[in-house]
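Participant: Chains Z, U and L: place on chain D using the hints.
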Amino acid sequence: MPLRLLRFALSHKHPEPPMFTEHDQLGKTYDVVIIGGGGHGLAAAYYLARNHGIKNVCVLEKNYLGGGNTGRNTTIVRSNYLTPEGVAFYDRSVKLFQDLSQDFDLNLFYSTRGHFTLAHTDSAMRTMRWRAEVNKHLGVESEVVDRDFIRRMVPEMDLDCSGHSPIHGALYHKPGAVARHDAVAWGYGRGADMRGVEIFQKTEVTRIDVKHGKVRGVDTSRGYISTPKVLCAVAGSTPRITQMVGIRTPIVIQPLQACVTEPIKPWLDTIIVSGSLHVYVSQSDRGELVMGASVDPYEIHSTRSTLDFTEGLTAHMLDMFPFLSNTKVNRQWAGMADMTPDFAPIMGKTPIEGFYIDAGWGTWGFKATPVCGETMSYTVAHDQDHELIRTFRLSRFKELDLTGEKGAASVGH
Amino acid sequence: MTDLSNQQAASNAALEKNRMARQDGEWIDRNQPLHFVFEGKTYSGFVGDTISSAIAASGNLFMGRSFKYHRPRGILSMSNHDINTMMQDDQDPTIRADVVLAQNGMQLRTVNTFGGLKSDRGRYMNCLSRFLPAGFYYKTFHTPKWLFPMWEKMFRTLTGLGKVNFETPRRYTAKRYAFADVLVIGSGPSGLSAALAAAKAGAQVVVVDENVRPGGSLTYDYGGMDESPALLGRLLSEVTACEKIEIWAGTLAAGYYSDNWIALVDDQRMTKMRAKTVVVASGSYEQPCVFRNNDLPGVMMASAAQRLLRRYAVRVGRNFVVLTSNSAGYRAALDMVSGGASVAAIVDMRPEGELSHWHELAAGLGIRILAGHCIYEAIPEPGRYGVSAAVVKRLSSAGEIEQAGGVTFSCDAILMAVGYAPAANLLYQAGTKMRYSHEIEQFVPDLLPESIFACGRVNGVYTLSSRLLDGERAGLEAAQKAGYVVEQKRVDVPAEPSGPTHPYPIISHPKGMNFVDFDEDLHLRDFYVSVQEAFDNIELMKRFTTVGMGPSQGKHSNMNAIRILARLKGKNIDEIGTTTARPFFHPVKLSHLAGKGFTPERLTPMHHRHQELGAVFMDAGNWKRPEYYQIEGLSRIEAIRQEVRSVRTNVGMIDVGTLGKIEIFGPDAVLFIERMYTGLFAKQAVGTTRYALGLDETGVVIDDGVVGRLAQEHFFVTTTTTGSAQIYREMNRWALLWKMNVGIVNATGYMAAMNLAGPKSRAVLAPHCNIDVSDASVPYLALRTCEIGGVSARIMRVGFVGELGYEIHVPSEKGAYVWDLLMQEGQKYGIQPFGVEAQRILRLEKGHIIVSQDTDGLTNPFDAACGWAVKMNKPFFIGQRSLKIAQATERKQVLAGFALAENYRGELPKESHLLIEAGDIAGRITSITDSEALGRVIGLCFVRPDLNEIGRMVQFRLSDGALVPAQIVATPFYDPDGMRQKV
Amino acid sequence: MRQSPIEHCFSQLPGDFGQVGDMRTFLRLADSQAESLNLETIGLADCSFLERTGLKGPLAMEFLSSLGLPVPQRPNHWEPLEGGGILMRLGMTEFFIEDGPSGGIARLISEKLGMDGIEGAYPVRRQDAALILCGTKQNDFLSQTCNVNFAEIDEKNRQVVMTNMVGVSVVMVQNKINERYSWKIWCDGTFGHYFWETLFGITLEMGGGAVGCNRLYPGLA
Amino acid sequence: MKLLTCPINGTRPLQEFTWGGEFREMPDPEQATDEEWADYVFNRSGAPGVKKEWWHHTASGVWFIAERDTERDIVLRTYLYTGKMSDD
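So the sequences go chain by chain: D, Z, U and L. Count along the first sequence starting at 1, add 289, and that's the number in our numbering. Count along the second sequence starting at 1, add 302, and that's the number in our numbering. Count along the third sequence starting at 1, add 121, and that's the number in our numbering. Count along the fourth sequence starting at 1, add 7, and that's the number in our numbering.
The following block holds chain D by itself, in its conformation from the complex (with noise of 0.2 Å):
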């Protein structure tokens, strides 16, 4: 029995404070604010007091923390991307995310699982191959592994897929992991908390200050603030945020959806990605299977469910593991994913001087939770992008210089 439970119990009251200050009223001037309350928006703030002394800092939340897609998506992380980049980017993510419970204080669930993306095809295997080499490359954990790998790390597992699509062999990331993704917004949200950032929720910003292409302040449900910076890390409402300031974006909504089955005695240790049958599942530790797909087909800015997205989804999963025909699916939800024509996202600096931005996290944003916060609170202190998002910048697009991530999209996916 680890002592904090004695702790806990043998006090006669319950001794935690709150994880978060309430705050009455919204202070006229901030140093920075950070528009969004996530995990992102949270752990920008929680690294602005940390890693830069800025500690005058706010955090608006619209609704309540993490209540986007940190505590929506199916909290899964990993680094093995395609260009070096990418992984470079994901891979800090990732070693952030591996203290992040030291860090916090918090149990934060961070268990590496082990992560397979499955190959059906051999053009996929040809990615993976690619994923794999740059991967190893960088120092990042990653093999190409063939069906019986897999069929020894998930002897349930119907390789064939019920006659349907084959798996040819998978891409292993043995780092690979889950966390508790609320967890991680209230770990960051109390971390910032204690250094003073004010963190206010059901506030919502109504319009942003720009005066001569310099930001002023923030109109909110709450009144105005004035300052001179402000992060917008709102993920599926960027497009609301920059449009307040004019700034045009390739970002398309589109949602992503999500569901669990009741919970079962937990079997499946390990992360299973198929882009060919767009499945992904792992097993949380209440037993739930959490599953999700590929995004929404069109442009939507609702957290709707669908019968569509269950019904394909069940329909690939009974295809690799038919024994759960009677398992059930208790509930589904979805989220709104800033999808960009290169799957990569937007960071940095903007036209708007003072207006920074870290948006266009599709589906990947929750592993990318602890390096966003770090590199922008760097980007927003030093009003200079840090040199891991440079690719991620915005003027990339009239450019005409696309991240590398796109490269596998052509490919299996």
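Hints in this document: simulated from the structure, not taken from any laboratory. What you are looking at is a predicted structure, and each value in this text was computed from that prediction instead of being measured. You may find that some hints are simply not true.
Stated by the list, open to error - Across the chosen pairs, the derived CB separations fall in these ranges:
| hint | chain 1 | residue 1 | chain 2 | residue 2 | range |
| --- | --- | --- | --- | --- | --- |
| 1 | L | Met33 | D | Ser510 | 32 to 42 Å |
| 2 | D | Arg496 | Z | Pro446 | 48 to 58 Å |
| 3 | Z | Gly916 | L | Arg79 | 35 to 45 Å |
| 4 | Z | Pro799 | L | Arg79 | 32 to 42 Å |
| 5 | U | Asp261 | D | Arg441 | 37 to 47 Å |
| 6 | D | Ser510 | Z | Cys544 | 46 to 56 Å |
| 7 | L | Met33 | Z | Glu914 | 29 to 39 Å |
| 8 | D | Ser510 | Z | Gly535 | 31 to 41 Å |
| 9 | Z | Lys1041 | U | Lys233 | 26 to 36 Å |
| 10 | U | Asp261 | Z | Gly535 | 23 to 33 Å |
| 11 | U | Asp261 | L | Arg79 | 28 to 38 Å |
Said to hold, decoys possible - Over the 12 Å line for every Cβ pair with chain L, so calculated as not near, a few chain D residues:
| hint | residue |
| --- | --- |
| 12 | Asn352 |
| 13 | Glu374 |
| 14 | Gln391 |
| 15 | Thr410 |
| 16 | Glu432 |
| 17 | Glu445 |
| 18 | Asp447 |
| 19 | Asp449 |
| 20 | Gly452 |
| 21 | Met483 |
| 22 | Asp508 |
| 23 | Arg537 |
| 24 | Asp585 |
| 25 | Thr595 |
| 26 | Gln673 |
| 27 | Glu676 |
We treat Cβ as the ideally placed atom computed from N, Cα and C, and that holds for glycine.
Facilitator: What follows is chains Z, U and L alone, placed relative to chain D:
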């Protein structure tokens, strides 16, 4: 089973301790006894029994253990939220015993015990409960870091419910679509009344109910009298007489989706119902009262005991205490008495008690009634498997417990009747705005979407006569909305005098164990912890405590959680709000959602020929293509090499029918093609073909093929196999946008195609073709229409594989005929069919790219060394303007040919192996093959432009890290001047 | 020498093939009682042997009128042709013609249009798999395979439905064939194998099965 | 939105359609600056609101325009594309 023993079994089952004599309206068939095993013990019941009712009939109420503390648990609702009595068998890991029908021969176990129900080793968790408050796991187990995996392993042993059996077979179900004018969800009094009203107005109505029989509360809430069954009988006979109404019992409305799509799930399958309008008459869930030990087996909702009594003739106790705040509690007490039990007390939490005639009826039976009291705690029987008494204390006028005094009533069951929460999940999913009504202490619909209607309890209407009226009103409105003319008869539904629901049925106790959420084992203190730690809005509280996240999705816990939070924050309930209700209403099997899982597959007309020839197939998009043809005694690679050899030396034939084939007609055809592709076509002569490279608007290569000109205003275009559908679709859009006078015909499925290639191909073709196929008559890159064996055909002299060859297109229905003809003729020359793999080698030897293998999602034509195919000085083509921008920037990589040393005998590098220069990534292999024709390993690679010099030495790195030297060489590798194809 | 796109689907079925026109066609099940039952409950037949063609273009309608053919005035409707054929209008400017067993109109149109078409009317050389669905359980069958509310389609209205069935794009019309209301369903022949196998499997589950063409077009061969 | 009304084929479930993205007017490639061109190629009106967008009915090959509120996910009207989009 013989009749005699059947009778005996029936009488045995009837003799169960808590089974009563046959009664009207019961749902069991006493002529059909059954037996099943639960936790090693055999139970008897009847067809129609649920698992829980049959077990309860034996007198056993202890049926499971809780999720976290492994406390003994029993029946709670009998209405599909009894997660604590969830069971498993070897096929189904999560069986809800309260509603799943018992079947003869079932072998059931609990889901959450270690070593059986009674001797569960997990029961010691109960002693640790004070160490395990809400969110405890966030605060520990993470230091030291290296120990966490061990802790996690332990959690993963403890958690989860049933165990899935990996031998469970895949079940394919026959999903279907259905349509209705009005879908009524719920067949209680308001639902049936709505259905009748809508049908009378002319609408086609489907009524669904998750219970196996219709009737809702009329099937169990008798109040000791027979009005309910009589009313139900009347309603059902009217419904049966009405041919516009179908009742689908045993059918769950599992989820609402936009445009009135409702997932209806029954035992066999899912029906996707599209209704013009929906009447939600889904009723309500009875809610528990939170008091210490409210989770003991024997403490249950009053409605659960009534269901057991009326539907299954099971009396769950002999001596009841009824805790209530409404008349339903009195009715339940009367029902128990009419079932032969005694009621020790009715504990009424309202200061004034019950003011209606139900009070007189109960008092008249001599039942002790304590108004202004509550149950402070339930006392377990020795062994804790049941209840032995209820400790009752007085409530002050402010609703506080008066600690002094109190009465203890011994009893073997406690019924809770303290109110309801609306079963509004589907209303929420449909986008209904709900508001909290302080009059009836319940959320009620405030603003309904325009084709959704609500009636009955879910609408806050509880008085039986009003429910009928409310149903009629909703039914008429729904029919009208669905387009039926309704005579303007306004139905007035009287306002409810007061609601049955207690505003705060929560009794604190210093020793806790007063459960709010039975799925998740959350007691009152957990909510205090949550608020203290600032998880003090409903969504954060849900995530921190996990309230409502269990399998029953908060049906019995969300409302109390909201009440607790409101009180702790000093807010009213409207300010707290609710969490989002999402599908599914109850969990749905994967097999039901998946159905048959249709996966369309395309075959070329020659598919069966390939099968006969021993083809091994591969997937290409949704097509099946021969990868190669198996030859006895040869390995895969040997067989492929033989196919290659045959093309290079004799003749081979490949089925290329999967290529996209598009015909473009009309006055603007040539202009259109000029705009679609990068090359020049304006001056293309009739009867010729040209290479076609297609880009997207960003200038990235997306497709290639051949443009053939059949007539001045008639072109024939081929595309890649996987690109064809999209290219055809986009062509149509561009034609619209550009307002072009063209006719675009997708001939992909209409045309079979084969490529006859090799030095002897002409000899094979000539005898069957009605035109001269000599080089003079059909030169390289020519296109001709002709007849082959009497079949009208198009032939193109194209050189993808680098030999004399003819790509032959014929109508699909005649593809196999022409294939046979040429194969037969080819016998004389040793013809071999060849597959995709051989073609890949052949084209690579020629240095031809395959779009998407030798290009990726960012490759423009300059990167792909296809600049020669791009005419930048044309007026316009898709991607041109972007290429102009790209042209100004530095190339990051270009495609180049490479070759390994002729004597290289080491491990062959693979596609995607990296090109390493001075320790950096400087490219990668896109295609590679060990070419027999060239006697060395050749391939294409992306390479950094500064390394792209003919003759330059580079290095590829194998997976194991070894470096393989290679040289950048010119392409084509084979027959660089193309002499072999121009003969 | 024409081959039905789904000829191979019948190779395991006991019954007779025969030459109809120039296509080998499945004529009858060996078990004629079973075939009758299929016909009554839920039956599926291959009638790909019928001659068919199509055309599209801004002047396609004029062209058909000039041949004296009855041209549907509304998009997605059809008109009967002499000899049991059918002329369908697909959308605004595309037409699909299928002859009855004794037609000749499809061939005539093909010949008139030639390979390259004429001004404003271009040939669409259709090579569909053509199926007939019959029996009393048609609606049940359709509800399992297709998401269109067929109750809203009046058979007298001569509507053409273009939709998706078990994942495949189809053209459908309801028509009286040999005195019984049946659905004719066309799909791209390259999907034919999958399409037939999937639908056939469902007819089996529903207590029906294959029907030979002879039952629908008596006296074929 | 689960149903969409094709101007030719009538109201059908969404699975029968393919989304073709926002309707965009191509600027004159000769006149447009690099930046204007890149804006056309990549940028979208991403904020919620009523948008004109392309939809394609797979079974019949019909392209049409839908005006859709992307926040409420409600289609206001659908029609065939006939040319000028900017003045209606």
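Participant: Checking against the hints above, which ones are violated?
Facilitator: Violated hints: 3, 7, 8, 23, 24, 25; rest satisfied.
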